[in-house]
Amino acid sequence: MSVARFWRKIPQRYNMLGTKCETCGRHFFPPRSFCPDCRRSGKIVDYKFIGTGTVVTYTVIHAASEQFERQTPYVLAIIQLDEGSRMTAQVVCRPDEIKIGMKVKRVFRRIAADGESGVIHYGTKFVPVE
Amino acid sequence: MRDVAVIGVGCTTFGEKWGSSFRDLFVEAGALALEDAQLSGEKIDAMYVGNMSAGRFIEQEHIGALIADYAGLATHHIPSTRVEAACASGGLAFRQAVIAVASGMEDIVVAAGVEKMTDVESGASTDMLTGAADREWEGFVGATFPGLYAMIATDYMHRYALTREQLAQVAVKNHYNGARNPIAQFQQEITIDTVLKSTMVAEPLRLFDCSPITDGAAAVIVAPLERAREFTDTPIKVLASAQASDTITLHDRRDISTLDASVVAAQRAFAMAKVKHKDIDLVEVHDCFSIAEICAIEDLGFCKKGEAGKLTADGVTALNGDIPVNTSGGLKACGHPVGATGIKQVFEVVQQLRGEAGKRQISGAEIGMTHNVGGTGATVAVHIFRRS
Numbered sequence: 001m002s003v004a005r006f007w008r009k010i011p012q013r014y015n016m017l018g019t020k021c022e023t024c025g026r027h028f029f030p031p032r033s034f035c036p037d038c039r040r041s042g043k044i045v046d047y048k049f050i051g052t053g054t055v056v057t058y059t060v061i062h063a064a065s066e067q068f069e070r071q072t073p074y075v076l077a078i079i080q081l082d083e084g085s086r087m088t089a090q091v092v093c094r095p096d097e098i099k100i101g102m103k104v105k106r107v108f109r110r111i112a113a114d115g116e117s118g119v120i121h122y123g124t125k126f127v128p129v130e
Numbered sequence: 131m132r133d134v135a136v137i138g139v140g141c142t143t144f145g146e147k148w149g150s151s152f153r154d155l156f157v158e159a160g161a162l163a164l165e166d167a168q169l170s171g172e173k174i175d176a177m178y179v180g181n182m183s184a185g186r187f188i189e190q191e192h193i194g195a196l197i198a199d200y201a202g203l204a205t206h207h208i209p210s211t212r213v214e215a216a217c218a219s220g221g222l223a224f225r226q227a228v229i230a231v232a233s234g235m236e237d238i239v240v241a242a243g244v245e246k247m248t249d250v251e252s253g254a255s256t257d258m259l260t261g262a263a264d265r266e267w268e269g270f271v272g273a274t275f276p277g278l279y280a281m282i283a284t285d286y287m288h289r290y291a292l293t294r295e296q297l298a299q300v301a302v303k304n305h306y307n308g309a310r311n312p313i314a315q316f317q318q319e320i321t322i323d324t325v326l327k328s329t330m331v332a333e334p335l336r337l338f339d340c341s342p343i344t345d346g347a348a349a350v351i352v353a354p355l356e357r358a359r360e361f362t363d364t365p366i367k368v369l370a371s372a373q374a375s376d377t378i379t380l381h382d383r384r385d386i387s388t389l390d391a392s393v394v395a396a397q398r399a400f401a402m403a404k405v406k407h408k409d410i411d412l413v414e415v416h417d418c419f420s421i422a423e424i425c426a427i428e429d430l431g432f433c434k435k436g437e438a439g440k441l442t443a444d445g446v447t448a449l450n451g452d453i454p455v456n457t458s459g460g461l462k463a464c465g466h467p468v469g470a471t472g473i474k475q476v477f478e479v480v481q482q483l484r485g486e487a488g489k490r491q492i493s494g495a496e497i498g499m500t501h502n503v504g505g506t507g508a509t510v511a512v513h514i515f516r517r518s
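Chains as they are written, first to last, in my numbering: chain A, 1 to 130; chain B, 131 to 518.
Each hint should be verified, as a subset may be incorrect.
As the list claims (entries may be wrong) - Here are the simulated EDC-like cross-link-like pairs (lysine to aspartate or glutamate), alpha carbons at most 20 angstroms apart as the crow flies:
id, chain 1, residue 1, chain 2, residue 2
1, A, 99, B, 385
2, A, 9, B, 266
3, A, 48, B, 266
4, A, 103, A, 82
5, B, 408, B, 437
Don't read these hints as lab results, they were simulated from the structure.
None of these values were measured; they are calculated from a predicted model.
I would like the entire structure built from these sequences, with the hints used as guidance.
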């Protein structure tokens, strides 16, 4: 991923800055700039997500693409955020700990890197809530 | 709209074809299709070519022109168009060809699909295929394609009574069919044990739940039904062509275990074809992973949600079952050169409806169906065919 491509999403990746539609109240993370329900009558504003949610479904990845090969096995899940929208993220826990319905909260983590000397990608992972 | 028929089909063998280039593959498939229709190249009015990612697999774009050129048609200056919708590229190319003929705009149109995947190593191809999902919000965090379908499987198995053995039976059945298909990448039968003991890829999916990396090309030729008998004694009529889309990410779907685009495309296709599920003699579905075939059988409406595992275990989808699924061996055993798969599905159904499917022939097959998926269900193409 090029420097500019990563850099322009830093507020979203580092701080879970999403959006919400003030017309219908629906929250969007990953952010959308157009509300699929209200369409042109929607009013999109920034919204910082609390960062808590629930595991909807999950897998444990054993065969990864190049950038993630050294992290296997890792837990990947779809998280339902408490505001209502869903996102895909890694969950930092043992593979035998993950389960559907598990409560999780966001943490700031290193995701991957572009080789030895390229950009380090930081972003959101989740950890189980005690 | 004019009625449209398939008048010729051709397909390369599928596999790791180290000795064949991208160009070799589509030239071979195209020549086979022209020979089948006993058509000379200068009669072709237009071409649509399904290809997912030549830009990344072989660093070549501008595929439409390249193919027309190497097919020997550069001096005829025919319109040649690349169509891309990830793994549904072939199905969409076929649909574009059908639309071109149905509209009256063109008469003789080639729909082809090609992918050359083995010129990069497997870690790189895994990453390229992730481009069919959302790069920014799925691929970025470490999602792979098997990983996304594995999350469908986890959700499905949590909600419905699908056993690991039933899921494995999808691959066992497709390998049985592949062993009877001379173009298939894998022509060996396997057992449930083969699947359950294979390498873990993304839990609960193992290596034998996954379709392989494949090189291959397929081509079919469509024409107005009223002219079809100029070229063939066995025209295959296109009864329906339907396409639907959905969210690019899996996490934004209404229901993780239902591909709504499959549901809607199938409903549109059945309405257009004016046939019922019981009329379908065979269906080629998009089994990029074992769980995908389970979902497809249900989403296309052949049984209720949660029942396809038992249906598969009971042999209903086998060659001699009530509704044979993936007689070609499917993506699992026949192979999955992504851009070519949608066209290969048409190739298989046409062979079956003509009665030319050899050891895997469904006797008396009259109506067949194809189902081609892009990504985790963001694009779906469904077609229904009848022997004319």
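Hints breached by this structure: none
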